[in-house]
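Student: Let's have the full structure, built from the sequences with the hints guiding it.
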Amino acid sequence: MDQLFDSLFPICRSITGEGLRETLSLLTEHLPLENFAVPTGTRVFDWEIPQEWVIRDAWLKDPHGNVIADFKVSNLHIVNYSEPIHVKLSLDEMKKHLYTVPHLPKAIPYVTSYYKRRWGFCISHEVLEALPEGEYEAFIDSSFIQGELNYGHSVLPGKSDREVLISSYICHPSLANNELSGPLVATFLYKRIAQWQQRRFTYRFVFLPETIGSISYLHRFGDHLKQNLHAGLVLTCLGGEKSLSYKLSRSGFNPIDRIWKQMLAQESLQGNTRHFTPEHGSDERQYCSPGFNLPVGQMSRMVYGAYPGYHNSLDTKETMTIEALQHSVDDLEKILLANEAEGYYINRFPYGEVKLDKHGLYPDMNSSTTFVRSNNQIEDNRVQLNRTLTFLNYADGEHLLTEIADLCRCSIESLLPYVKLLSQKGIIDGPYFEKGVSL
Amino acid sequence: MDQLFDSLFPICRSITGEGLRETLSLLTEHLPLENFAVPTGTRVFDWEIPQEWVIRDAWLKDPHGNVIADFKVSNLHIVNYSEPIHVKLSLDEMKKHLYTVPHLPKAIPYVTSYYKRRWGFCISHEVLEALPEGEYEAFIDSSFIQGELNYGHSVLPGKSDREVLISSYICHPSLANNELSGPLVATFLYKRIAQWQQRRFTYRFVFLPETIGSISYLHRFGDHLKQNLHAGLVLTCLGGEKSLSYKLSRSGFNPIDRIWKQMLAQESLQGNTRHFTPEHGSDERQYCSPGFNLPVGQMSRMVYGAYPGYHNSLDTKETMTIEALQHSVDDLEKILLANEAEGYYINRFPYGEVKLDKHGLYPDMNSSTTFVRSNNQIEDNRVQLNRTLTFLNYADGEHLLTEIADLCRCSIESLLPYVKLLSQKGIIDGPYFEKGVSL
Amino acid sequence: MDQLFDSLFPICRSITGEGLRETLSLLTEHLPLENFAVPTGTRVFDWEIPQEWVIRDAWLKDPHGNVIADFKVSNLHIVNYSEPIHVKLSLDEMKKHLYTVPHLPKAIPYVTSYYKRRWGFCISHEVLEALPEGEYEAFIDSSFIQGELNYGHSVLPGKSDREVLISSYICHPSLANNELSGPLVATFLYKRIAQWQQRRFTYRFVFLPETIGSISYLHRFGDHLKQNLHAGLVLTCLGGEKSLSYKLSRSGFNPIDRIWKQMLAQESLQGNTRHFTPEHGSDERQYCSPGFNLPVGQMSRMVYGAYPGYHNSLDTKETMTIEALQHSVDDLEKILLANEAEGYYINRFPYGEVKLDKHGLYPDMNSSTTFVRSNNQIEDNRVQLNRTLTFLNYADGEHLLTEIADLCRCSIESLLPYVKLLSQKGIIDGPYFEKGVSL
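Protein chains in written order, with UniProt numbering: chain G, 1 to 439; chain R, 1 to 439; chain S, 1 to 439.
There may be inaccurate statements among the hints.
What follows is a list of derived Cβ distance ranges for each label pair [said to hold, decoys possible]:
| # | chain 1 | residue 1 | chain 2 | residue 2 | range |
| --- | --- | --- | --- | --- | --- |
| 1 | S | Glu434 | R | Asp357 | 53 to 61 Å |
| 2 | G | Ala37 | R | Gln197 | 46 to 54 Å |
| 3 | R | Gln197 | S | His275 | 55 to 63 Å |
| 4 | R | Asp141 | S | Glu434 | 55 to 63 Å |
| 5 | R | Gly252 | S | Leu421 | 26 to 34 Å |
| 6 | S | His275 | G | His359 | 20 to 28 Å |
| 7 | S | His275 | G | Ser438 | 24 to 32 Å |
| 8 | S | His275 | G | Phe253 | 21 to 29 Å |
| 9 | R | Lys95 | S | Lys358 | 28 to 36 Å |
| 10 | R | Arg162 | G | Ala37 | 51 to 59 Å |
| 11 | G | Phe253 | R | Gln197 | 37 to 45 Å |
| 12 | S | Leu416 | G | Phe253 | 37 to 45 Å |
| 13 | R | Asp141 | S | Arg382 | 29 to 37 Å |
| 14 | S | Lys191 | G | Leu416 | 50 to 58 Å |
No wet-lab data here; the hints were simulated from the structure.
Yeah, the Cβ is synthetic: ideal placement off N, Cα and C, and Gly gets one too.
Tutor: See below:
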């Protein structure tokens, strides 16, 4: 993961262009991506694919010829989608094209202007403050061409056609947490799921430029997703913090929303929950637009906007950490494994209590006495017995596994061994997607 | 409003009779009332129209011939619907026919006995306490005749046949807050609504004697209201206090109930909320009787029973104030304007986000940077942008405007300019009455 | 009740056998039980009727020939369902067959081993601690025979076929609260209900061995109960404490659940509420197994597991008290009387307010004045008037009596006189089982 990070970091990505293709190509070495291209000018719903931005070089010189900002040093120095220019301007005139983060004097901001032609340079505020009067020279060697917008996806088939979507974006240049954390976690989560012995769901991994990319993806695959999507996650900003931060889907009640809340309540995961907001966030805003309203949430760790390095040069591998990404892969796998088991179950012996000792599942003396004799041992058995009996009572086709876990006062994760054991013994059927399968 | 108050105040109103007709006649100078009469003895549901009460004169004299109570001085002195009498009685005997408010020694109470024949005088408690022993003479020149019960209404047509009902009563004699505040506010609210450029709803203004009047009205127009009523308000006691007091409709969820709660929660209005109670109140008890169960609440300011002047001679223009009635007209207009926009909306570009800049609705650089450059200005834009995006996401035919306002954390009133702008730009359709209009 | 207790207490009951039949026979002197027998080996759902256990004698002697435990002294001394044995063992070997309650040194525990063949003796811990080394002699004269499992029931017919089930168990030997309290309360509750002037519901009283007995009962009568059961209660541990403890049915919303919660909220009963738990409790676990899911709760007073005498020789008449059982009968009758009236009502005069004075139900002067004249008297009438008007408004076929009581802020019990009066005057119809009977 560390190596892949290092090879992806320097690339100057944008919502179209060579950086995007190079990124997809590097990812393809790790998972079998099918890549797609949408030509410039294609109408996608209320939007249109913009021209490709080609950037070759850019620099800004002060009155003494010193280079103040150089694209070759950091691709953050150039306003993304800047038009070509070669001018000499006074400091005051030039300042209209300079962007800084005043409260973070050492940071170079990340600025874009995709849909209105502008040009500009991004520098640290302390450099700005020290600039002498005089004539500045700005040079940007860029062009806009009829090209395409690129994205890729990879599908891991499962027993059911119902799908779980994992979507991440690949359009930001040299930023760590708010760019590479998403596709890196997605890639290594793919490897995990590919190794599972069986998959109930089909898993769809998508890598695309933010907003226009997901709108393009929905333009092509939206109807398919409307029919087949069981749950989905947009991955973004998955480095940094110790615990996850989950933004619920638009309904707030999709399967992963439920599992997340259940695991949090039972402390099987640490984290905080954000409500769905259509006005800021990532591609969940598109997946959850009213015409699609897909069951897609967004998983983060160090959330965009809530840390100093957001959208500037302080967003590095050191503040993100590869270790945090590994934790994200672990936590996401845990959630998706719970999702594999979530659903409705049927107790095949629903009339009266199941005779557990017959099936090798019960202490055969009445329990209060046994308790007296061997306190600790029975205390363990008692928990197991209680969970077994509670599970079997609510395995009625009317209660979700998350609800049964609530009734057992344990996490859905802790019930997975019971699901396995009772299934193997032929006592339960399931999981079913729909409520009300008859007993 | 002040003049109309002064001309209405001295009239001796009751649930039938000349005072009622005179009141309707004075109101007709301000709004085009259609008047109705129901003959004495007519059966209206479980009730029957009583005989008309005609009162010409009444007085009570002490042993020295001093006039203790004189109908010509105040119509509150006579128990409303008193039978004719001319008797001389000892103080003890006479006291059985005297009514006072012991805890308010200067107040003359307002007492009625519509459905049981009695006679009596109302005087201040301090007068009662000072009465000397001896023979008292009581004279009441009244009669009961076969006549009619009167009420009037006025209908302002709108684009839809769905109606908003404004109902008030006109059966109390010389009382200010608990009589004239209702019909005065209704009359001047009518003038406001008549001046609106357009009306989505049809507005029905009703003036009638309390209880028996609304039961008579429902007997004639109840079926029409059951079919057409969208929401309604009984207006009573709208003077005095600084903020409104709203009694929810029987369901607690009619459109005005929702708007009221939303505006209160977002501090767009000040006030307190009362639950529906069938056991006390005004004509909402009849409109909300189980056979009709109409969506009618009741709006007050200085609520009946909760102020010293309730049902006695302390209820004057000075404690009510004309200014408070004007505030009531303003607040009610605000609520009804919100109600005009309440409903379900449809975003016509529901697939992916609307491309706001195309429609002139979006800053064209990414926002965090813009924020850095111009803090205050963008803070304003950000609120507008957030509300626009939130509105468009939930303009899905499934969310009411009040719900969208909740999601925007602002009052429904603050969203009205967005409704107007987005409608004008052809981006949204609505409001619709019913949920689930397809996208 | 005291006499019946004394005759039932010494019997050595088990889940099958002579003690069970003797208990049923003694109960039949108090209520007309129809008795049933299920042959050994009969399959009942996932279970099988075990062989009958016949116990004639059992004793344990220390090395000096002193009798340490004697079945004839207390039937708790023998592990219930012990196999026959006659052995001499060292103290260490013998200890593997001895059961005590270490934290209650004087108590003899109650131990069973129904479904695995074992033998053992139960003694107090202080006796165990004082046992000298040496050879011990154990003698158990028991046998297992092809016999039957017995239970009985008695049905009190009512106007409707819908049934209320009262179920209790009769399989524990000499224990008071956790054995005899249930059948004793059931028996005397039967006597009360048999004396009611009329019964809306049919009442079914069931006496059976716990678990295997109720499973057998469901095997035979489960389909009938699924069709006809309106509500039910398992009675257990009804002695001791001052207030009741109710375990809700599986749904938490059956009629008795609702009535219980309403009466508790309005302090018409004292008690605490337990949620349904499938993993411990009594026969409600079988009635509420997912294949039946019957509306059955469980009523207790001094709950199993929560008092020192639970499942040991400290559970006596003195700690239980006959007086507590009488309170249980009283409280249960109160609940069942409320249940008789629970349901939906229809106001036959639903259009406008009912003209109460016509029906002799209303003070005929307006109330605020009357209030002035006679404070206390009217304060009483006002409560009655308010409840009458509230009841009539919500007697719309949509509100349960428990809900109307909530709206009246009184207990369902306090509304019973109103139900009676308004029914007698022909103003209301009901109670109906189903919502939405048209007005």
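Student: Hints numbered earlier in the text: which of these fail when held up against the supplied structure?
Tutor: Result: no hint breaks.
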